[in-house]
Amino acid sequence: ETGVTQSPTHLIKTRGQQVTLRCSSQSGHNTVSWYQQALGQGPQFIFQYYREEENGRGNFPPRFSGLQFPNYSSELNVNALELDDSALYLCASSLVEGVLHFGNGTRLTVT
Amino acid sequence: AQSVTQPDIHITVSEGASLELRCNYSYGATPYLFWYVQSPGQGLQLLLKYFSGDTLVQGIKGFEAEFKRSQSSFNLRKPSVHWSDAAEYFCAGGSQGNLIFGKGTKLSVKP
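Protein chains in written order, with this note's numbering: chain A, 1 to 111; chain B, 1 to 111.
Chain A with its partners taken away, still in its complex shape:
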């Protein structure tokens, strides 16, 4: 059984640029959630996708957007990057409600 994989593992971007992070769900999981984890903090919910539709969103601005594909893989896009967007971005897939299986994350640094 393949777990949740995220790419890239590390990324450095400049303020104002755009970034796309990718996530491959665990086999058979139809729901994907994205979280932002700032240094020294717990993860914060960005949004969730279920069967290619956004199914819940946290307190993040519209420049954070996402996609889920028919194979349940997912992308997180962030436009107009700000310094405060520097964080570990975690993708989690699930089948049963609430039981999230996390990937190892993408470390984004904005300079």
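It should be emphasised that the hints constitute simulated quantities derived from the structure, not laboratory data. This one's a predicted model, so the numbers in the text were calculated from it and none came from an experiment. Glycine is no exception: its CB is placed at the ideal position from the N, C-alpha and C atoms. Please note that the accuracy of each hint is not assured.
[Said to hold, decoys possible] Quick list of the computed label-pair ranges, beta carbon to beta carbon:
#1 B:A29 to A:E54: 17 to 27 Å
#2 A:G56 to B:H10: 27 to 37 Å
#3 B:S18 to A:R22: 20 to 30 Å
[Said to hold, decoys possible] To be clear about the criterion: a stretch of chain A counts as covered by chain B if any three or more of its residues have a C-beta under 8 Å from a C-beta of chain B, and this derived list gives those stretches:
#4 41 to 52
#5 83 to 94
Dock chain B against chain A, hints included.
Structure of chain B alone, referenced to chain A:
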């Protein structure tokens, strides 16, 4: 507002000693509750979960947690800590993939 609080930022215990990590939640109704563990540079691994029923739940790696409605708590325990348990522990509550995480408790284990 819904919240999850972990009062202890950092705890150090001796190897072989018992461990209790505290977690308090604030919700309108009893949420689903979880404990996750995160090693440096890694994603989160589910230790255990509480949905309903028996208030003492068993998890992986010898961990257990007890849900106490009267105290709004869901504390994590382990009778004998191993050096490999050194990591950051997150309590979370919520449903449908939209989890609210505490800020985490870093566990150090001394020989």
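Would you pick out the hints that fail for this structure and give their numbers low to high? Those not satisfied come down to hint 3.
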